[in-house]
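Add chains L and F to chain U, keeping to what the hints say.
Chains as they are written, first to last, in the numbering used here: chain U, 95 to 314; chain L, 24 to 72; chain F, 85 to 334.
No lab work stands behind these hints, which were simulated from the structure alone.
Be aware that one or more of the hints could be misleading.
Said to hold, decoys possible - Straight-line C-alpha distance at most 30 Å; calculated DSBU-like pairs for lysine-lysine: (1) F/Lys235 to F/Lys174; (2) L/Lys63 to F/Lys174; (3) F/Lys235 to L/Lys63.
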Amino acid sequence: MQLAATLRKEILLQWRTRSQIAAVFIFGATSLLLFSFSIGPNSEALRLYAPGFLWLGLLLSSTLTLSESFHLEMEERALEGLLLLPASDRSLYYGKAIANAFQLTLLGIALIPVMVVLYDAGTTRIPAMIGVIILGAAGLSAPGTLYTAMTSQLRSQQTLLPLLLFPLVVPVLLAAVKATSLIILGDPMGQARSWIILLIAFDAIYWSLCGLLFGRVVED
Amino acid sequence: MTGTVTGGWEFVAAAYGITIFVVGFYTVRAILGYRAALRKVSPTSGETS
Amino acid sequence: MTGISEVSFAAAETEDQPRIRRGPLPYILLAVGTLVILTGAWIGLFVAPAETFQGNTQRIMYIHVPTAWAAMLALMFAFVSSFAYLFNGKWAWDARLEASIEIGTLLALLLCIQGSIWAKPTWGVWWDWDPRLTTSAVMVFAFAGILALRKFVEEPGRRATWSAVATIVAFIDVPVVYFSVNWWNSLHQTQSTVGNIAPAFRVPLYTSAIGFVILLTGLIMLRARTSEIRLSEEIAPPLEPVASVGGIRS
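Here chain U stands alone, though its shape is the one from the complex (with noise of 0.2 Å):
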């Protein structure tokens, strides 16, 4: 299936740039470092705005891999190729996206440590949190790679990305940050459970709504 091959494809590539995501990583962390900063010496406070800080720290990261995930089908034009395949772009968008929140995720799981040393936000629940970070990332991997698709054939890709996205991503980020902080702090109400229904409501409508509009996006 056309899927498959372009999830094989994607993936491939991601190992084979795989430098480049530690870089993105780096710059992850390098941003959770500052945001602390911001803060200062204050315990509570830090632990407190720890998962803001973490989903703020990968909502920045995700500007650089999603550009990146562009970047060689824009260089050789190999995307006008790629649409002649029959049924093309709707395999092409999911294979890109789920690819993207691969590897978002990926990045998201890797902040986890570098969050607990900096905040002292740590946690036993792990599967929860990467269940959070999953969906998370799913959230900003599907406008995302419909906006990187459009941005990328524009000069000003590094201004408009962030420009579109962020104002979108907004239930993402609020619904992604309550869960971790639930997770995190405690959860004595059960809420954790409103929001992650929340992120994956989001998810539904919008890994169903971008794959329908891609098409239009990528044409000639």
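Same frame as chain U, now just chains L and F:
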């Protein structure tokens, strides 16, 4: 909730004033923009070569 | 899905040209709308009684609520225009899209300013994380971003298609944002903007609201005309068909 808010006319004036100014400014700009665009494409504005 | 992508070819082949529209209708709407708004404002400011708890600052609602309705209507029309353009490719819809996004963004910005001015005497802060106010702020950024996108795309067909896609994505996000902030707000139990208006205050409110909608219609119509004229300048008119195929006209 707790008590009553007294006075406050300056806030009302500010809100109304800003709104009327902004909407008015935009309306005038829209009208002028439309007339300028019309003038550009109307046959009488055609120049030689 | 194939239906949607097939239409893009149809748009290129049909001879749809942006039209230069004239006529007094927008001006009439603007004039009538302005009059009605001023009437409503006068009633709201000088005739209606002050509210019990908020005092006179409650009068801001007579302009705030109509602005909110107008903003939503403008963006809803943008949403409809997006679909219309994607399905039939007529330039008029791109013109209307540009107009309604611009006006909707401006109104949403006004909403934030008005809400802020209302919040200060009422709650003592310039910004309360009220779901409506916060959603308005997100809307301003989301749709201003689409306006920025339009500035960076030079080819008109692409600009139209991409703005339409972005508008659909952004508009669908609006209820999601509202819902998330609402839920987040209710957990923190922050103050919220007073929503319901008692019957005694309805006359000035509905008057202003009707006036705003009339003004809005006139503004969108006018602005869309300007956009369409500019589009017609961008897109070259079709060439005259040659009388004989491959032949030379004698």
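Hint by hint, here is what the structure shows:
no., hint, verdict
1, F/Lys235 to F/Lys174, "20 Å, holds"
2, L/Lys63 to F/Lys174, "23 Å, holds"
3, F/Lys235 to L/Lys63, "21 Å, holds"
Checked against the numbered hints listed earlier, the structure breaks none of them; every hint is satisfied.
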